[in-house]
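Heads up: the protein sequence lines correspond to chains A and B, in order. Note that our numbering has the first sequence beginning at 1, numbered continuously upward. Note that our numbering has the second sequence beginning at 1001, numbered continuously upward.
If you are wondering where the hints come from, they were derived from the structure by calculation, not from laboratory data. Treat the hints loosely; a few may be bogus.
[What the hints assert, rightly or not] Restricting the straight-line Cα-Cα distance to at most 25 Å, the calculated cross-link-like pairs of lysine-lysine (PhoX-like) are:
1) K1010(B) with K1323(B)
2) K132(A) with K1098(B)
3) K1290(B) with K162(A)
4) K1040(B) with K132(A)
5) K1298(B) with K1323(B)
6) K132(A) with K82(A)
7) K1298(B) with K1016(B)
8) K162(A) with K1098(B)
As the structure is a computational prediction, the values presented were derived from the model and not from experiment.
Residue-level listing of the chains:
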Amino acid sequence: MCNRMHEIIKTQKLFVQALMCLDAGRCRELLAGLKAGENNSIHPEEVVVPALEKIGQAWEAGDISLSQVYMSSRICEQVMEKILPQASISHDNRLKLAIGVIKDHHALGKRMVISSLRAAGYSPVDLGHGLKADELVEGALREKADILLISCLMLASAMHVKDVVEGLKRAGSQIPVVVGGAPFRLDPTLWQEIGAQAAGNNSAEAVEIVRNFAGRRP
Amino acid sequence: MTMTSAERLKLAFSHKEPDRVPFAITATMHPAREMGLTIKEYFSRPENIVEGQLRLHRKYGSDMLCCYPFAAIECIAWGGEAIYFDQGPPNCGAPVIKKPEDILSLKQPKVCESEALKANLKAIADLKAVVGEDIPISGVTVSPFSLPIMQMGFEAYLDLIFERPDLLERLLQINTGYCIEWANAQLAAGAAAVMYSDPAFSPGIMSLDLIKKYSAPTAKQVLSKINGSAMIHLASARGLAVVDDILQAGFFAMSASAEDDLSELKRACKGKLALAGNLNALLMPHWTEKDAEAAVKKAIAQAAPGGGFVLMDNHGEIPFIVKEDILMAISESVRRWGQYPLNWLSDYES
């Protein structure tokens, strides 16, 4: 147990270092090493998800930049897609996730959350960006989403999440709405005001929130 | 003796203590409500903006005025569109650069051919005709390195930075030409200085190596060719780690983020770079008048001693939903607690 944990922590550290150097090849090597058998009791996800969490925390602490978070999540997504057969990547692969950006063309946050979710084994449906509230409601219902994730950069668009929550209620849906983005970071109670069920401060937190919801499912 | 806003700002930017801490209430949209107009109607005519800025000054006593309506005006200049909201600033529409190769045929828009930019210049000139030299008017330009976030979307832009540095260089060159022309046009129209809006100069947005490679040299190049001085605004993003780069680029002042430790930032900038900030604009909708007063006192205590400080919000744009009572409480608090010398500080506990 101790050796296994030690190995995971050591690999996570090396993996984060490789991500910070934007070294996709080294990331692939580290995960391929796990898969090749020398550490076959360790699933690549046990390295990738905590690595993204560490990177998210480093960004929140002001230690790294958004560009590094973006490139890290993109590399993780690409590496995981190459290294793992699609069928085996998710323990929650029946959970249907939909994600979109409301009334805004700033789509970077959505892209990072999608990459992190994919790296963690989920297959979110991208509803797009610049969407109206009713388009997000329709998209979530059409996709029969278990969770609707909404990314926002501007306060004005964040306020419109309320319309999505109300639209879902009117349609008799109980799809939980999870939000993330700068307005929710700078105003930590805003997500409750607009009726969301949770808010994430970074893309790794989005994965954690989704996992928590998955754990609550019957 | 009471100073004019221009005298007050000049001393503060020279790292001296004027009669009181200068301040700016950047409630760019609030006059629309008072004038019975929608935000779209308000921004559609330069005359409205001039009237709105004068009302803001009369009501709150801002020491600095600004006719720049919203960042999406730059999208319009590049052939894009602004999407209006009832309760917030217009946002950029779909990116004008759809794919990296579009940069090869991209042409720099001419300020004199853009109706949106010309309307902004008219507002500056008309406002200047009223306020003269007493109240400085700030011009605004989005930096060449931040502009692509609006021109092509952030995700596509980051991909361009990492995958097509050749096209990035070309884009920066085109944007730099535009930025210099736009800044100089505002200075010629009557702006006292230029607010260089550059979130991509923040280590919260771009890595330090990208800042040193692109943000800093680009800013230095722009500043060497504009006919006035410039303050950098990081649009809410942190700046502590790049104070020296900002200084070396040639700025006289920088914005202070609500996410930066203002005391620490002041220590890093003292006597070298003036600060403007750092009231958290996104928390203002929840504030009581007491909260506003406490926030003003805290910011003054952290950054105003010795001058070199302008009290304002962290973003350069106060949300439309913030109540006028709160704006008035900010204004009254800075006029009460911002009088130099700041003798009350010896008993102050935040």
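For each hint, the structure was consulted:
1. K1010(B) with K1323(B): 30 Å, violated
2. K132(A) with K1098(B): 21 Å, holds
3. K1290(B) with K162(A): Between K1290(B) and K162(A) the Cα gap is close to 28 Å, so the pair fails against 25 Å, i.e. violated.
4. K1040(B) with K132(A): Holds, at about 19 Å.
5. K1298(B) with K1323(B): 21 Å, holds
6. K132(A) with K82(A): Distance of about 35 Å is beyond 25 Å: violated.
7. K1298(B) with K1016(B): 20 Å, holds
8. K162(A) with K1098(B): Not OK: K162(A) and K1098(B) at ~31 Å, beyond 25 Å, violated.
In this structure, the earlier hints numbered 1, 3, 6 and 8 are contradicted, and the remaining ones agree with it.
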